[in-house]
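Asker: Line by line, the protein sequences give chains C and S.
Residue numbers for the first sequence follow the numbering used here, so the first one is 1 and each next one is one higher.
Residue numbers for the second sequence follow the numbering used here, so the first one is 1 and each next one is one higher.
Simulated from the structure, these hints should not be mistaken for laboratory data.
Check each hint, because a few of them may be wrong.
No more than 20 Å apart at the CA atoms, straight line, and that leaves these computed lysine to aspartate or glutamate pairs for EDC-like [unchecked claim]:
| id | chain 1 | residue 1 | chain 2 | residue 2 |
| --- | --- | --- | --- | --- |
| 1 | C | 442 | C | 107 |
| 2 | C | 442 | C | 358 |
| 3 | S | 86 | C | 106 |
| 4 | S | 86 | C | 156 |
| 5 | C | 424 | C | 358 |
| 6 | S | 86 | C | 107 |
| 7 | C | 428 | C | 474 |
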Amino acid sequence: MTDVWMGVPWAVILIVLPLAAAMTAFVWPRISQLLVLGCSLVIVLAVTGLALQLWYHGVFHHALGGWGAPLGIELYADGLSLVLLAATGLVGAGVSVYASAYFSVEEKRRFWPIWLFLLAALNALFLSADLFNLYVTLELMGLAAVALTALPGSRDALAGAARYLFVSLLGSLAYLLGVALLYHAFGSLDIAVLAERLRPVPAAWVALGLMSAGLLLKTALFPLHFWLPPAHSSAPSPVSAVLSALVIKASLYILLRLWIMLFGPFAGDGVAAFLGLLGVAAILWGSVQALRQTRLKLLVAYSTVAQIGYLFLAFPLATVASWNATMVLLLSHALAKSAMFLAAGNFLNFGGHDRIADLDHIVQRLPLSAFAFALAGVSLMGLPPSGGFIGKWLLLEAALVQGRWDLAAVMLLGGLLTAAYVFKVLGKSFTQADVACTYQPKEIPARMQWVALILACGAILLGFGGTPLLPLLEIGVPFDGSGP
Amino acid sequence: MSVALFYALAGAGLFSIGLHALLVHRHLLRKILAVNVMGSGVFLVLAAMAAPNAIALSDPVPHAMIITGIVVAVAATALALVLMLKLTAETGQAVLPGREEENS
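Could you put the whole structure together from the sequences, leaning on the hints where they help?
Answerer: As structure tokens, this is what we get:
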């Protein structure tokens, strides 16, 4: 039994299955919902299978079509890929269930195929070990994400999607130009091969600049975050959840990989300190902006801008502990933020608006969603016991060990600001609205509430299960070559 | 200056012109064209790198990258055009609404 389990090429299934399902869903819409839910389940199983393979056999390699690294394209998985695949599997399954109740039959026809393409692109991206493959999957993901953002067809959604598309294309083209330079200078696209050949010549520096700028733009790190709030808040709620939880993490993943395996050793402290500084600015600016918002979905979107900042604090610290902290934070943010957007979507659907001031006793009316929102908030704030707490604690510890009091102070301040905007929402959800409400409250299907709650609970449970997770992360020692 | 270097520099130039146009112009069609010009710039750089030289014959890998890149560019352009048409139908003009309008 174990042999059968171990022998299956789970990584290939992770890519091929959603891709095939997407096309089937497109030509045969009647079975598409069943297909998506089945597919989500198999993806979770496949990630588990892959985790077991990694655990027993170490780093995973798969030469596509039997052609090995220098010539062919390889699939590759280590602890870093595994964390992101797990996040995709879990959030993806949650969003699939949520979307099955959220969209109308007509909307679902358009939603399911693109959603499956997005899942396929994300899985393929996290399994790529080749710079150009990363580009292709990045574009596939970007196009699918833009199409999903535009689904409602309203003016805001279309404008948000168009702006998102241009930003996404600009980012990928800058990345591609960097890839071209690296290929020219060092004659390979495979990250592992490049790592051996890379020398600090001008071409490498230009490539580092172009690729980082493109990826930072797509990750929406301050001050390149301007496109994120309109795009993420105007999209349908399940799409917002995926955009904030997974899509921006994909470009961050590429950046982390490049930094740790390629550029980190020679780029030096200056660039790392600069990235850390942008992270600090993102935390402060994003949190303050979130606090100022009057619309719930915009608040949650700005909160994403702030939380991305935390993920960049590890660059100047550059220790294995700080990278581990980043990964735990990344996973807990994915779960908490998707839960938060889904809960916000329930509020929006229920009352027909998302003005924070008029939430009007939402706690009594949608107790499960309000509870989910609060739990997700606990994780974002970094209160124990939650995944956010473990991540922030590890990061804080790493900062203090190195005597970086400034970074530690920003982390704590960011936590306080997060608490402020989460409580702003929760406070209003207990009170009566100023104006008498005229809306007709809409029934929210139970599964939409439960999905939000389960994802939020996942973020909390990570606080208990986070420590056993760390050895899994270290498979293939992705962070070995980090920093000086 | 070798021919390959000339092409590479021309590619970098196209990339910069496209970037400038993308940031400056408000009309969506111009933005879409700008992105395409940028893409062509990148492809030109790739093609220049594949040029045959004294040591080696022409390198097929950048060619494969260009072909894949063109496919991606066509798909992206199609999506952008559809978005532009939908937005025009919705708002009456093919420009992105400004920030202040969006919040209203």
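Asker: Indicate, hint by hint, whether the structure satisfies it.
Answerer: Now for the hints, and whether the structure bears them out:
Pair hint residue 442 of chain C plus residue 107 of chain C holds up; C-alpha atoms about 18 Å apart against a cutoff of 20 Å. Note on residue 442 of chain C and residue 358 of chain C: the hinted pairing holds, with a Cα-Cα distance of about 16 Å set against a maximum of 20 Å. Of the supplied pair hints, the one linking residue 86 of chain S and residue 106 of chain C holds, its CA atoms being roughly 18 Å apart against a limit of 20 Å. Distance check on the hinted pair: residue 86 of chain S and residue 156 of chain C sit about 12 Å apart at the alpha-carbon level, within 20 Å; holds.
Of the pairs offered as hints, the one joining residue 424 of chain C and residue 358 of chain C holds, with about 12 Å between alpha carbons and a cut-off of 20 Å not exceeded. Restraint check: the Cα-Cα separation between residue 86 of chain S and residue 107 of chain C comes to about 17 Å, which is no more than 20 Å; the hinted pair holds. Among the hinted pairs, residue 428 of chain C with residue 474 of chain C is inconsistent with the structure: their alpha-carbon atoms are about 43 Å apart, more than 20 Å.
Hint 7 alone, counting from the list given before, is not met by this structure.
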